[in-house]
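Engineer: Using the sequences plus the hints, can you model the full thing?
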Amino acid sequence: KMIIYIPIKENSQRVPQKNFRDFDGKPLWEHTIDKLKDFQVVVDTDSVDIIKKCIGKNWVHSYSRPHHLRGDEVSVVNLIKNFSEKSELNDDDWICQIHVTSPFLKIEHLESLREEIKDCKYDSIFSVDVIQNRFWRDEEYGLAPINHNPMILEQTQDLPKYYMENSYLYLFKKSVLKYGNRIGKNPKILPIEFPYNLDIDTEQDWNLVKKLEKYGTDN
Numbered sequence: 606k607m608i609i610y611i612p613i614k615e616n617s618q619r620v621p622q623k624n625f626r627d628f629d630g631k632p633l634w635e636h637t638i639d640k641l642k643d644f645q646v647v648v649d650t651d652s653v654d655i656i657k658k659c660i661g662k663n664w665v666h667s668y669s670r671p672h673h674l675r676g677d678e679v680s681v682v683n684l685i686k687n688f689s690e691k692s693e694l695n696d697d698d699w700i701c702q703i704h705v706t707s708p709f710l711k712i713e714h715l716e717s718l719r720e721e722i723k724d725c726k727y728d729s730i731f732s733v734d735v736i737q738n739r740f741w742r743d744e745e746y747g748l749a750p751i752n753h754n755p756m757i758l759e760q761t762q763d764l765p766k767y768y769m770e771n772s773y774l775y776l777f778k779k780s781v782l783k784y785g786n787r788i789g790k791n792p793k794i795l796p797i798e799f800p801y802n803l804d805i806d807t808e809q810d811w812n813l814v815k816k817l818e819k820y821g822t823d824n
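Each residue of the sequence shown is one higher than the last, beginning at 606 in the working numbering.
Treat the hints with caution; some may be incorrect.
[To be verified] Mimicking DSBU-like on lysine-lysine, the simulated pairs with C-alpha atoms at most 35 Å apart in a straight line are:
| # | residue 1 | residue 2 |
| --- | --- | --- |
| 1 | Lys766 | Lys658 |
| 2 | Lys779 | Lys614 |
| 3 | Lys614 | Lys816 |
| 4 | Lys631 | Lys606 |
| 5 | Lys778 | Lys711 |
| 6 | Lys766 | Lys662 |
| 7 | Lys766 | Lys778 |
| 8 | Lys793 | Lys783 |
| 9 | Lys691 | Lys723 |
| 10 | Lys658 | Lys606 |
| 11 | Lys691 | Lys642 |
| 12 | Lys686 | Lys819 |
| 13 | Lys658 | Lys778 |
| 14 | Lys779 | Lys819 |
| 15 | Lys642 | Lys662 |
| 16 | Lys631 | Lys657 |
| 17 | Lys606 | Lys640 |
If you are wondering where the hints come from, they were derived from the structure by calculation, not from laboratory data. Just so it is clear, the structure is predicted and the values come from calculations on it, not from any experiment.
Structural biologist: As structure tokens, then:
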């Protein structure tokens with residue numbers, strides 16, 4: 606089976622109160638939760654208000670995060686481990702971790718993954734941005750090209766593809782957690798395009814998603 610696991614903090618460092626800001630007429634966290642009525646959802650939170658609000662949502666199991674796992678320095682992997690150790694999941698059951706800060710989460714992505722894991726040869730799937738641009742790195746002796754020859758001007762679409770984790774989702778078997786990560790030894794990448802890959806980390810991100818909410822993603 607596949608469980609949707611969502612960690613939600615009450616306080617946010619870079620974008621104050623972002624999980625509780627209004628998006629599409631609801632607090633941001635609830636906007637995401639209410640999309641997931643066809644899934645089994647687990648909410649791990651330090652917010653009493655969120656736990657109270659989840660009581661009326663029969664597809665959601667919410668619980669109060671242990672005090673020793675609260676704070677900005679705690680790894681999300683440790684949060685997931687805590688949940689998995691107390692759950693009744695088997696090693697071959699799947700956990701899909703998402704964030705409520707991806708307001709354009711597309712349910713079709715989750716539905717397709719739920720079908721894929723019925724006969725899946727991978728132990729984990731994670732979402733990425735696919736990037737084909739010219740990269741450089743700063744060395745002691747100066748700038749060094751990473752993925753191109755500056756003496757040969759190639760079209761960007763002919764450059765090697767780089768894959769950047771975008772935190773849109775991580776899907777993994779419970780057994781993967783023994784590696785201390787959400788990505789196992791035999792992973793698959795899931796390219797996610799704009800605007801679904803948007804994640805709110807800064808005020809600029811928030812301003813962008815609010816503009817898209819107002820004017821639509823096609824404008």
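Engineer: Determine for every hint whether it applies to the structure shown.
Structural biologist: Evaluated hints:
{"no.": "1", "hint": "Lys766 <-> Lys658", "in the structure": "violated, 43 Å"}
{"no.": "2", "hint": "Lys779 <-> Lys614", "in the structure": "holds, 23 Å"}
{"no.": "3", "hint": "Lys614 <-> Lys816", "in the structure": "holds, 24 Å"}
{"no.": "4", "hint": "Lys631 <-> Lys606", "in the structure": "holds, 29 Å"}
{"no.": "5", "hint": "Lys778 <-> Lys711", "in the structure": "holds, 21 Å"}
{"no.": "6", "hint": "Lys766 <-> Lys662", "in the structure": "violated, 42 Å"}
{"no.": "7", "hint": "Lys766 <-> Lys778", "in the structure": "holds, 27 Å"}
{"no.": "8", "hint": "Lys793 <-> Lys783", "in the structure": "holds, 18 Å"}
{"no.": "9", "hint": "Lys691 <-> Lys723", "in the structure": "holds, 24 Å"}
{"no.": "10", "hint": "Lys658 <-> Lys606", "in the structure": "holds, 26 Å"}
{"no.": "11", "hint": "Lys691 <-> Lys642", "in the structure": "holds, 23 Å"}
{"no.": "12", "hint": "Lys686 <-> Lys819", "in the structure": "violated, 38 Å"}
{"no.": "13", "hint": "Lys658 <-> Lys778", "in the structure": "holds, 29 Å"}
{"no.": "14", "hint": "Lys779 <-> Lys819", "in the structure": "violated, 39 Å"}
{"no.": "15", "hint": "Lys642 <-> Lys662", "in the structure": "holds, 8 Å"}
{"no.": "16", "hint": "Lys631 <-> Lys657", "in the structure": "holds, 15 Å"}
{"no.": "17", "hint": "Lys606 <-> Lys640", "in the structure": "holds, 19 Å"}
Hint check: violations occur at hints 1, 6, 12 and 14; the rest are consistent with the structure.
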